[in-house]
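Please take these sequences and the hints and turn them into a complete structure.
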Amino acid sequence: MIRKFVGAVAAALAFMAGLWLMIAPFALGTQPENADWTDPTTSEFFTGLGVAVVGLVGVAAFVAAIHEELVVRGLVAVRQKQAEPEPEPVAPAPQGSSAELASLLAPLVEALREDLNNTGRGDHRQNGKPALVGVEENR
Amino acid sequence: MKAKLGVSALVVLFLAGVWLIAAPFAVGYQPRGAAYADATVNDLWVGGALAGVSFVAIVIYAADALRELAGRGKHVADG
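In order, the protein sequence lines correspond to chains A and B. As numbered in this note's numbering, residues 1 to 139 make up the first sequence, in order. As numbered in this note's numbering, residues 1 to 79 make up the second sequence, in order.
Take the hints with a grain of salt, since some may be wrong.
What the hints assert, rightly or not - Far from chain B by the CB rule (all over 12 Å, computed), these chain A residues:
1) Glu33
2) Gly74
3) Glu86
4) Glu88
5) Ser98
6) Ala111
What the hints assert, rightly or not - With a straight-line cut-off of 30 Å between C-alpha atoms, the simulated BS3-like cross-links for lysine-lysine are:
7) A/Lys81 <-> B/Lys74
8) B/Lys74 <-> B/Lys4
9) B/Lys2 <-> B/Lys74
10) B/Lys4 <-> A/Lys81
None of these hints come from the bench; they were simulated from the model. The structure presented is a predicted model; accordingly, all values stated were derived computationally and were not measured. Just so it is clear, CB atoms sit at the ideal spot from N, CA and C, and this is done for glycine as well.
Put into C-alpha cells, the structure is as follows:
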C-alpha cells in the first residue's frame with residue numbers, strides 16, 4: 001500500500017514539474033517575445049508536455065491501484081449500480097380469439113342473412129312466425 | 001496491473017529526467033566552456049529532481065515488494 005502511495009506522490013510531483021517545464025522559457029525570459037521558439041524553448045516545452053502527461057497517467061494508475069487494494073481489503077465499499085426495473089412482460093394476446101368470435105357470431109350472421117332473404121319473399125317467415133325486423137319496426 | 005502501469009510511468013519519468021539533464025548539451029543550446037545559460041540551469045535542476053524522485057520511488061516500490069515477498073516466503077517456511 002505504502003509503495004503505491006509513494007509512487008502516486010512521485011508521479012504528482014513529476015506532473016507539476018512538467019507543467020513548470022512548459023512555462024519556464026516564458027517565465028524565466030529565455031524565450032524572446034514575438035519571436036519564433038528557440039531550441040531551448042521547444043525542447044523544454046515538449047519535454048514538459050510529455051512529463052506532465054506521463055505524470056498524470058502515473059497518478060491515475062497508482063490511485064486506481066490503491067482504490068483496488070482498499071476494496072480487496074474491505075475498507076472501501078463499492079457502490080452498486082441500481083438495477084433498472086425490467087419492463088413487465090406483456091401478456092401474449094389470446095390465440096384464436098378472432099376465430100372463436102367468428103364461430104360465435106356465425107349463427108347470428110346466418111340468421112340475419114336468412115331473415116333478409118325471407119323479407120323479400122313476404123312478410124311472414126317460413127315457420128309462420130312474423131319476421132323479427134318487422135316486429136321491431138312495428139314497436 | 002494498474003500498479004504496473006504506474007511503475008512504467010515512473011521509469012519513463014526517470015528517463016525523461018535523464019534526458020532533461022542531457023538536453024542542453026545534446027540539442028546544443030549550451031555552448032561548450034561557457035557559463036551555464038538560464039535554460040541550462042533550469043533543465044539541470046528540474047531534470048535532476050525528476051530523475052532523483054522517480055528513482056527513489058522506484059527503489060521504494062521494489063524494496064516494499066521484496067519485503068512482501070520475503071514475508072510470504074517466511075510464512076511458507078514456517079508452515
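ask   = So which of those numbered hints doesn't the model satisfy?
value = When the structure is compared with the hints, only number 7 turns out to be violated.
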